[in-house]
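This is what each chain is made of:
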Amino acid sequence: MTGPAVEDLLRELTPQVLGVLVRRYRQFEGCEDAVQEAALAAAVQWPAEGVPDNPRGWLTTVASRRLIDRLRSDHARRAREAALAAEAPPQEVPDTDDTLLLLFLCCHPTLTAASQTALTLRAVGGLTTAEIARAFLVPEATMAARISRAKQRIRASGSSFDLPGGAARAERLGVVLHVLYLIFNEGYTASSGSELLRSDLAREAVRLTRAVHAQLPEDSEVTGLLALMLLTHARREARTTATGDLVPLDQQDRTGWDRALIDEGTALAAAALAGPALGPYQLQAAIAATHADAATAEQTDWAQVHALYLVLERIAPNPMVTLNRAVALAETEGPASGLALLATLDGDPRLAGHHRLLSVRAHLLERLGDPVGARDHYRRAARATAGLAEQRYLDARARRLGPR
Amino acid sequence: MKFLISMHINPAVMDALTDEEKTALGVGHGAFIEELTKSGELIVTQALVDPSQAAVVTVRDGRTAVTDGPFLEAKEYLGGFYLVDCEDRDRAVELAGRIPDAAIEGLGVEVRQVMFSAGPLDA
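Here the protein sequences come in this chain order: S and V.
Take the first sequence: its position 103, counted from the start at 1, is 103 in this note's numbering, and no numbers get skipped.
Take the second sequence: its position 31, counted from the start at 1, is 31 in this note's numbering, and no numbers get skipped.
Treat the hints as calculated values from the structure; they're not laboratory data.
Every residue gets a Cβ at the ideal spot worked out from N, C-alpha and C, and that includes glycine.
Treat the hints with caution; some may be incorrect.
Claimed, not checked - Short, incomplete list of chain S residues facing chain V, as computed with Cβ under 7 Å: (1) 112; (2) 114; (3) 145; (4) 178; (5) 182; (6) 383; (7) 386; (8) 388.
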């Protein structure tokens, strides 16, 4: 097997092996280090000597040995050594809940979202620290420090290493979904750095969300999040020009959308909506499905998009949702109605000076026939954004409306 | 999210500090750097020499001229910076507030988000 093929295999297997070890030895930090060491050994040996018949068993055995070696050399833990060493590794371990167990550990509430994201990518995604650091454009040392601190924090918190039950489980699942959503967004809204690595991140988020969905197919929010990601990911090729400029939704070449992903996402979105309770991911997926359903931007069922945003606004009030609803309202009732709804957001400190508010207002002013006001808002929006592609797009819109 | 926390110094204010105050400033930065490194939020920090050591470079009609002194005639000059990668703007502001300079009258600490990055990441 070649190097890259071995890498793919390891990325798939290391989280499973980590899950087995954490389950058996009930500690995260040591197990994580041991699995990384075993994976490193495999990455060196397998391309040269061939992949063993049972690669997962090989990794489990090597990682267990490393862990026990480490514990053995650790004088303070000598007492635990005998018990651990005596525990014979079972031949086959069911991997039913391992992904979830690991995700729940990595999304521990004592960690910041940035640490949860990094740890999830390493422990569950099987990415190396260097890969994660590159994706987030920080030095490897910075990412290594963050990951090691996150592991220490989990240890210090005295985590139970069991899947929580009932309400605690639902709450933690909410954090897990949010972290997966953040990973996806980090990859999707690439503002700088290597485009390639960023889309890897989006793909990784899709892969992890698929894994959660496989274990919790009945959870409508999990289904909704997966649908939302697939429907958004399907548009990736059409979102930018060859030179990296942003193409807004209404100008995208819809034949460039990934049909297979859209069909899968649409089916999932429909399944999610049929669930017992409505959640924000389901509704966002339904909105994305409505956009995907239209053959052209003009044929978009804006009334339905508006209705969905209205429900979303009710169950998860958020100025950004109101902002998006204003866009839909402008399509159904005209730009003046959209602007009137935007005016209700003016006093909201969460959106004050936000480039999205400025750029939506610019678009609506342009459609209303106020080029001077539109140009001014496009310029202000361009100055307010931290994304280069977005800035180029907004500056171009301003320029189209005339000289300074 | 990456932020540049820049420290704007006034050489006259720096000169007026007592030795104890200068030592406290150095110790404060040391502790801050250690903590930031541990938390994984520090990307890099650099301190700049006094603005009196600055050179201003201009190219006019293809000819390069180098003159002494800072470009801006100001009381405050860029003294150094921290490049951090932290959760959000609130955290960056909180970090900036812990830099000892922030507590000294006449020195300024400014926070701005990074828009574009390039160069080796192990800087």
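Tested hints:
no. : hint : in the structure
1   : 112  : holds (5 Å)
2   : 114  : holds (5 Å)
3   : 145  : holds (4 Å)
4   : 178  : violated (13 Å)
5   : 182  : violated (11 Å)
6   : 383  : violated (11 Å)
7   : 386  : holds (5 Å)
8   : 388  : holds (6 Å)
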